[in-house]
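Chains as they are written, first to last, in this note's numbering: chain A, 1 to 272; chain B, 1 to 623; chain C, 1 to 181.
Hints were generated in silico from the structure; no laboratory data involved.
Since the model is a prediction, treat every value here as computed from it, not as a measurement.
Worth double-checking, as some hints may not be accurate.
[Said to hold, decoys possible] Mimicking DSS-like on lysine-lysine, the simulated pairs with C-alpha atoms at most 30 Å apart in a straight line are:
| # | chain 1 | residue 1 | chain 2 | residue 2 |
| --- | --- | --- | --- | --- |
| 1 | B | Lys566 | B | Lys95 |
| 2 | B | Lys569 | B | Lys99 |
| 3 | B | Lys569 | B | Lys536 |
| 4 | A | Lys78 | B | Lys99 |
| 5 | B | Lys617 | B | Lys499 |
| 6 | B | Lys569 | A | Lys125 |
| 7 | C | Lys7 | B | Lys266 |
| 8 | B | Lys569 | B | Lys499 |
| 9 | B | Lys95 | B | Lys617 |
| 10 | B | Lys186 | B | Lys569 |
| 11 | C | Lys7 | B | Lys617 |
| 12 | B | Lys186 | C | Lys7 |
| 13 | B | Lys95 | A | Lys78 |
| 14 | B | Lys617 | B | Lys99 |
| 15 | B | Lys569 | B | Lys95 |
| 16 | A | Lys263 | A | Lys78 |
| 17 | B | Lys617 | B | Lys186 |
| 18 | B | Lys566 | B | Lys186 |
| 19 | C | Lys7 | B | Lys99 |
| 20 | A | Lys263 | B | Lys499 |
| 21 | C | Lys7 | B | Lys95 |
| 22 | B | Lys266 | B | Lys499 |
| 23 | B | Lys536 | B | Lys617 |
| 24 | A | Lys78 | B | Lys499 |
| 25 | B | Lys99 | B | Lys566 |
| 26 | B | Lys566 | B | Lys499 |
[Stated by the list, open to error] Now the in silico label distances, taken between C-beta atoms and shown as ranges:
| # | chain 1 | residue 1 | chain 2 | residue 2 | range |
| --- | --- | --- | --- | --- | --- |
| 27 | A | Ala16 | C | Arg19 | 38 to 48 Å |
| 28 | B | Ile29 | C | Arg75 | 52 to 62 Å |
| 29 | C | Pro111 | B | Ser388 | 49 to 59 Å |
| 30 | B | Asn494 | A | Ala12 | 35 to 45 Å |
| 31 | C | Thr113 | A | Thr251 | 54 to 64 Å |
In this text, a Cβ means the ideal position worked out from N, Cα and C, and glycines have one as well.
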Amino acid sequence: MGNIVVFGVVWAVLTALAEWVFRANRAHSFYYTISNQGSLALSAFNFLSSWLMPIFIFIVLITVFSLVRFRAPDNEPKPSLVQAMRNRWYIFIWVGASFALNIMFWLHPTAVDLEAMFTNWRQEKAQHPLIVNVTARQWEWMFNYPQYGITQAVNAEGLDEMELPVNRPVEFFLRSYDPFHTYDVYAGVIHSFWIPAFGIKEDVIPGETRSLFLIPNHVANFHTNPLVRVQCAEVCGPGHPYMESPVSVVTAPQFARWIAYQKKLQAAAGGA
Amino acid sequence: MEQQMTQAEARNNPQTKVMHIAPLFRGVIWATIGFVVLDLLTVAVDPFRGHPLVTEPSEVMGWAGAVVGWLMGVGGYEEMILPLFGSPSTWVEPKDWRKYFGLSTNHKVIGIQYLFTSSSIFFVGGMIAMAMRYELMQPSMHFFTYAGQYLTAVGIHGSLMMFGVGTVVLISGLGNYFVPLMIGAKETVFSRLSGLGHWLLPAGALTLIASPLLGYWDTGWRGYEPLASQDPGGIVFYYLGVFAMTLSTILASLNLAATIIFHRAKGMTWARLPLFVWGILTVSLLNLIWQPEIEMTFVMALLDKLIPFHFFDAMGSPLTYLSMFWLFGHPEVYIIVLPAFALWNEIIPVMAQKNLFARDWAIIGLIFVMMLSGLVWAHHIFTNMRNSEMFPFSFFSEMISIPTGFSFMAAIGTLWRARLRLTTPTLLVLMSLFNFTIGGLTGVYLADPPINLQVHDTFFVIAHFHYTIIGGMVFTWMAAMYYWLPKMSGRMFNETWGKWLALWVFIGFNGTFGQMFLLGLDGMNRWVPVYPPYLKPLNYSVSLFAFFLGAGFIATAIHILWAWTKGPKSPENPWHARTLEWLTTSPPPDDNFDGEVEVVRGFYRYDHDEPSAYLVKSPDPVE
Amino acid sequence: MAVTYAKDREIAAYRWGFRIFLVSQSVPFILLFSDWYMFDGYYVSRVVDKWLGSAEALLALVSGYMAWRALQAIRQGRLTDMVQGFRRAAVAGAAQLVVLAYQWGTRFIPPGTRYGEVYYTLTGVSGFYELIGVFVLLAISVRAARVQFTANFHWDAEAAEYFWIFQMVAGLLSYLFLYWI
């Protein structure tokens, strides 16, 4: 009995301590998150963390406890004094708790968050989102804004870049580059569209068009935080590590100015 | 009746011959001949003249010829082909060290061959990992010249470790050596097949290691299509190498499963079967189902590459390849780790001299993990799925942690209030429990789709699966090597060195892979030799720990090799264990037991002094 | 008596092991059949020659029957009949392979089509198993001349027969999927 009490107290104290430390830092579990989708993932991550912490501490403590409390003074092969093969309560609690926890994790965060995620998507779809056509090719991301007539958004040096207005829903259409519908293996492989700061990625599969919704909710760009970038996450050949593009989340007036600038660039390119 | 029987067995009529050439050399020569003959034959029937002498199709055919030549050369000709046609086998198994360098029918020799080959593969794969970590110390290319070289290194590292180490050491290696001993068998059912199967492993590993000669392939160990179809010829050797290694595993599993079912000693009922044997039986069944699956998938991918067909590119369905790969891929990780779970509960009761707690639950856990493992594959491709599809896979992925937990439950129940002897195997098993807990709990995050969509394909995932495989399996492998070293060699290791080395590896391991979780969350994606500079400090520190870890593995290997050859003599049963392998001498004689084994009670009771089995020495054979 | 028991046990182990091996080898076929369903559905190419296909299926059936008869023969202790039966079965199997090779050689079915891909993969894989089966049948019929098979001990012949029937069933299923369903 003594062991159980000591173990229980140490476990409770350590768990409380760990939870306290975690609570102070949990806004930064994902380092930097600036979209509604990212917040969803972050809250799920933090919820799971605070529930898994006691389990983790339990197992770690058991290993340490065995090394300290249950350690034999010498290596003589003497049988242990306690020879239990069964403990109904221990088994009952273990099995019951593992079922209960797993079912809970499946209902919340998994089921609840998936439901929230796709409800968000439906609502964002209804709010006339900004449409960005994203085309992946080896090894480049290309961004096209059909509502503004911008075929390929680039900066002054001609490098692809993406700019999004803050707090406005965005719908990304993800396609693989195949302008002549040749379905050549040399034209299309799997890429994965990932913006680390937005907390989501989706594979881009040759021959498929997929869409993705989210709302960026902070002004930021690649220079303020390097997580604000488009990064290919699925290996796509030797150019894979170079397949990234800067992203800027800006205010609505800044976005309007950027669109005007893009139009000017496009006209200049067309006129030249 | 008995007269007819002896006639039916051609091997009873030995007309032995002396080998004038070492089997390995003969194997190399015959393999070369096989390659040249089939390669030229393919070129000869090539309808389009003017191709070079070695093309992708001809190298596949040539490779098949080389493997057949190699297998025949190392002894398959005498041991398989001659008996198949009814001639007596002329193969002589040497009694000295040479027995390890040719086809053997003794499961202990085969086990050591597997352990040696696999450890060599582990060394090569580890050195490749060191090169990768060295490259990642800087955010730009500074060690490899091309990104393709780095990606090839990643692919070879992953494939070697998965198919040449993870699937092999505990099953074909320790399983081959100890399962027959633990069930009181004198030999295995398909001894010759198993002996031949070992030689597929070095063939496959060498194929993979040679793959860069044919061009850098960049898909990693998963060979995702359509990228693989785009890759140069190296990818062909990836398919072929993995094919040979998985075939080796299939043969070993078939032999072990049949042996467990038919060669148990008298009184070795299912209720008394040791845990490790249960572990090997469950994973053998998994191997028999899933390894042929991946082989056929690779055959189709190879056809996509060579002909080319269009099963898996944009004209077919890339997602089909992904599903077919992970249908095998997820059971694969349980194939790797289930024997380790079983070994925890094999070693802990011995070291604690305490009854194994809830043995039935531990076995149920193994069986249910085996059954559920085929239902979770799609959590590897959440980034390709619809809402409705994510629900069930997320459900099964989370549920599989329940039977996994049963192994922990039994281990912890046994540890509780034990008189635990703190030996090196104990320490390593406890470390393995610790590491696998981290690997398992981070798996709960990954099973949740919204989190998965952020951390998928990042270093978070790399850290997660290295925690389960190195942390779970490799640590247990080391524990088992120390635990069974006295049995395999008759010698003992140095406890002080053993513990310090274990601590060394533990610190190196957790330093390396613990920080990788942070890297992944901070936006470091996989398969990149070049990354944004803000990730450099953390990568630099990971690399330093990785070198420390690598050195720790080498030091451990040196310690084990030293103990194996020069260590102090060990007593017959140094751990006071009760399972059958300790009933015989160390190392065991050729036919394992000098007499008949009879099991009278289970092996996991330490509350009495009655022996669990008797060895009845028979003065004259039963005949 | 004890020896006979041990020998029976040994044969039982071989038998079980071989069966489980065949079950394991059915996995690639299950995979291919599902891929057939996925890529090809219920489409049968119009250029396919159903007569040649049926000839192949018929040869497979005949050869399977011959091998089965051969096994019956050795069960009754008629060794020469067994050897002849296996050799005839091997010849029929080889004839089937020749028909298949003819079909492949003419390239009547274009390999660039969806149906063609599935056709060549399925017939290729089952043809490969059949090639091994022919080799095993011939090997066992040679072996029978040197190792005395009896009515009681003929596991080698039984194994060859198992493998032959296995590849026959796989081949017939492929035939059904490719030509009819």
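How the hints compare with the structure:
With a C-alpha separation of about 21 Å, the suggested pairing of lysine 566/B with lysine 95/B holds against the 30 Å cut-off. The straight-line distance between the Cα atoms of lysine 569/B and lysine 99/B is roughly 23 Å, inside the 30 Å bound, and the hint therefore holds. Our distance criterion of 30 Å between C-alpha atoms is broken by lysine 569/B and lysine 536/B, whose separation comes to about 49 Å. For the hint pairing lysine 78/A with lysine 99/B, the CA-to-CA distance comes to about 40 Å; that exceeds 30 Å, so the pair is violated.
In summary, the hint linking lysine 617/B to lysine 499/B is not supported, as the alpha carbons are separated by about 39 Å, beyond the 30 Å threshold. Annotation: proposed proximity of lysine 569/B to lysine 125/A is violated, straight-line Cα distance about 75 Å (limit 30 Å). Using a Cα cut-off of 30 Å, the hinted pair lysine 7/C and lysine 266/B holds, with the two alpha carbons roughly 16 Å apart. Using a Cα cut-off of 30 Å, the hinted pair lysine 569/B and lysine 499/B holds, with the two alpha carbons roughly 19 Å apart.
About 24 Å separates the Cα atoms of lysine 95/B and lysine 617/B, which keeps this hinted pair within 30 Å; it holds. Our distance criterion of 30 Å between C-alpha atoms is met by lysine 186/B and lysine 569/B, whose separation comes to about 25 Å. As the CA atoms of lysine 7/C and lysine 617/B are separated by approximately 22 Å, the hinted pair is consistent with the 30 Å bound. Simply put, lysine 186/B and lysine 7/C have alpha-carbon atoms about 14 Å apart, close enough for the 30 Å limit, and the pair holds.
Note on lysine 95/B and lysine 78/A: the hinted pairing is violated, with a Cα-Cα distance of about 39 Å set against a maximum of 30 Å. A threshold of 30 Å between alpha carbons decides the hint, and for lysine 617/B with lysine 99/B the separation of about 27 Å falls inside it, so the pair holds. Distance restraint check for lysine 569/B and lysine 95/B: the Cα-Cα separation of roughly 22 Å lies within the 30 Å cut-off, and the hinted pair is therefore satisfied. Using a Cα cut-off of 30 Å, the hinted pair lysine 263/A and lysine 78/A is violated, with the two alpha carbons roughly 84 Å apart.
For the hint pairing lysine 617/B with lysine 186/B, the CA-to-CA distance comes to about 14 Å; that is within 30 Å, so the pair holds. In summary, the hint linking lysine 566/B to lysine 186/B is supported, as the alpha carbons are separated by about 28 Å, within the 30 Å threshold. Annotation: proposed proximity of lysine 7/C to lysine 99/B holds, straight-line Cα distance about 28 Å (limit 30 Å). Proposed proximity of lysine 263/A and lysine 499/B is contradicted: the alpha carbons are some 69 Å apart, above 30 Å.
Taking the CA atoms of lysine 7/C and lysine 95/B, the gap is near 27 Å; set against the 30 Å cutoff, the hint holds. With a CA separation close to 39 Å, the supplied pair lysine 266/B and lysine 499/B exceeds the 30 Å bound. For the hint linking lysine 536/B to lysine 617/B, the alpha-carbon distance of about 66 Å lies beyond 30 Å, and the restraint is violated. Only pairs whose Cα atoms come within 30 Å are accepted, and lysine 78/A paired with lysine 499/B is accepted, the gap being roughly 22 Å.
The suggested pairing of lysine 99/B with lysine 566/B holds, with an alpha-carbon distance near 21 Å, which does not exceed 30 Å. For the suggested pair lysine 566/B and lysine 499/B, the alpha carbons sit about 19 Å apart, so the restraint of at most 30 Å is met. Checked against the hint of 38 to 48 Å, the pair alanine 16/A and arginine 19/C fails, with Cβ atoms roughly 58 Å apart. Our hint of 52 to 62 Å for isoleucine 29/B and arginine 75/C is violated, since their Cβ atoms are close to 44 Å apart.
At roughly 37 Å, the beta-carbon separation of proline 111/C and serine 388/B lies outside the given 49 to 59 Å, and the hint is violated. Under the hint 35 to 45 Å, the C-beta atoms of asparagine 494/B and alanine 12/A, about 40 Å apart, fit the expected range. A hinted range of 54 to 64 Å for the beta carbons of threonine 113/C and threonine 251/A is consistent with their spacing of about 55 Å.
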